[in-house]
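Heads up: the protein sequence lines correspond to chains A and B, in order. Residues in the first sequence are numbered from 1 upward in steps of one, following my numbering. Residues in the second sequence are numbered from 1 upward in steps of one, following my numbering.
Don't read these hints as lab results, they were simulated from the structure. Just so you know, these numbers come straight off a predicted model, no measurement behind them. Treat each hint with caution, since some may be false.
To be verified - Using 30 Å as the maximum straight-line C-alpha spacing, the simulated DSBU-like pairs for lysine-lysine come out as follows:
#1 51/A to 62/A
#2 44/A to 3/B
#3 27/A to 51/A
#4 27/A to 44/A
#5 62/A to 44/A
#6 16/B to 70/B
#7 71/A to 51/A
#8 71/A to 44/A
#9 73/B to 16/B
#10 51/A to 3/B
#11 3/B to 62/A
#12 70/B to 44/A
#13 73/B to 44/A
#14 73/B to 3/B
#15 27/A to 71/A
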Amino acid sequence: NAGVMQNPRHLVRRRGQEARLRCSPMKGHSHVYWYRQLPEEGLKFMVYLQKENIIDESGMPKERFSAEFPKEGPSILRIQQVVRGDSAAYFCASSPSPGEAPQETQYFGPGTRLLVL
Amino acid sequence: AQKITQTQPGMFVQEKEAVTLDCTYDTSDPSYGLFWYKQPSSGEMIFLIYQGSYDQQNATEGRYSLNFQKARKSANLVISASQLGDSAMYFCAMRGIIQGAQKLVFGQGTRLTINP
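Pulled out of the complex, with its shape left as it was, chain A reads as follows (with noise of 0.2 Å):
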């Protein structure tokens, strides 16, 4: 059963280029959450997708960040006109249910470490 896919596992971009990050949920997994983690900190959560829904984006920035999970293929998490600020690893997790119980584990993939030159 492979895990949380996600590419590229590395992306570098120039100010004002668009990144896009690509998430594959675990098998059987139909909700996918986006977390960001800066250097030397925790993750910070972002968005919360279910199949063609955002469920949450309370720690989406309202600005050049947008994210969806289509019916078909990964979930995309796409940034526009990336700044130096957006240096950071962008990890997916997935989970199976609809993870309504606090004991619903989500697990993650391998991330993407994103560098704005």
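Keeping the supplied structure of chain A fixed, place chain B upon it in accordance with the hints.
Frame of chain A; chain B shown alone:
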């Protein structure tokens, strides 16, 4: 709001010794879950152990155990017989059922170094 506090930025332990990583939390949720994740230098996040707020017993998973003291709002991770491969960042996290039920809230982490 939910909050996780890890007060130990770094810990140094001799191989084969036991180590306790501290975690305190704050929440007004009546039911919540507490998690520990390991992040080795390669960067991935590895789930270690889970403790539910209404669980009667402390959770254990192999060499990992969770010292859960609900009244003190602490959920310390205990690693017995430490190994060199335990060197990593360790994150405590929680989620509730009411406040932002879907998201994990993480602490700042503790960097554990196991010395031979």
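Among the hints numbered above, which are violated by the structure, and what are their numbers in rising order? Every hint satisfied by this model.
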